[in-house]
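Oh and the sequence shown: position 153 is 153 in full-length UniProt numbering, straight run, nothing missing.
Where hints are given, some of them may not hold.
[Claimed, not checked] Derived lysine-lysine pairs resembling DSBU-like cross-links, with alpha carbons at most 35 Å apart:
hint	residue 1	residue 2
1	Lys96	Lys32
2	Lys110	Lys37
3	Lys96	Lys115
4	Lys37	Lys119
5	Lys37	Lys115
6	Lys139	Lys96
7	Lys110	Lys139
8	Lys32	Lys119
9	Lys119	Lys139
[To be verified] Simulated restraints on C-beta separations:
hint	residue 1	residue 2	range
10	Glu116	Asp7	50 to 58 Å
11	Thr5	Val44	17 to 25 Å
12	Thr5	Trp90	52 to 60 Å
13	Trp65	Gly147	20 to 28 Å
14	Trp90	Lys115	31 to 39 Å
15	Lys37	Leu58	21 to 29 Å
Source of the hints: derived by calculation from the structure; they are not laboratory data.
Given the structure is predicted, the values throughout are model-derived calculations rather than measurements.
Glycine residues also receive a C-beta, built at the ideal position from the N, C-alpha and C atoms.
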Amino acid sequence: MFEITWDSFIRIVTVGVLAYIGLLIFLRTSGKRTLTKLNAFDLVVTVALGSTLATILLNSQISLWEGLTAFAVLIGLQYLLTFTAVRLSWFNDLIKSEPRLLFLEGEFLKQAMRKERVKDIEIMQAVRNSGEGDLQNVKAVILETDGSMSVITNQAGSALANVKENTKKDPV
């Protein structure tokens with residue numbers, strides 16, 4: 001359980017270095033967009049790449065070439081998905097969610113919060129995490145497409161332009 005053989009040590013180091021170099025080459029080739037966290041698909045690919053790297057390192061039944069192929073498939077699919085989403089608006093709408101307004105000018109938007117399964121305490125946590133201590137100084141809180149919450153203070157300008165339901169308040 002706590003032992004490692006010389007052969008397995010050499011394999012882990014050798015395959016680890018080569019897999020890491022291979023992953024770096026794939027990521028540099030595919031561009032910055034591959035590891036962004038702009039939506040759920042991006043997060044899944046990032047986690048899957050890490051899981052694949054761990055599998056390549058620790059499972060001696062998986063060859064380096066199989067692991068590199070897995071990297072190529074994941075990154076290739078991510079590239080194809082984002083390439084298509086940028087060029088076809090209907091496809092972009094199909095795979096991506098819209099940001100959702102959860103708090104506006106002192107009011108929690110209960111209907112939107114229920115739909116997104118967010119509680120007021122989570123919104124207040126996001127406000128505190130932003131460094132703001134008073135909800136009176138907050139114009140809006142938005143649940144972004146990647147699952148994070150953005151806090152817009154009263155000094156904000158036009159950052160709410162593409163946020164769903166930004167001009168009306170949901171009934172309580």
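Compare the structure with the hints numbered earlier in the document and write down the numbers of the violated ones, lowest to highest. 11, 13, 14
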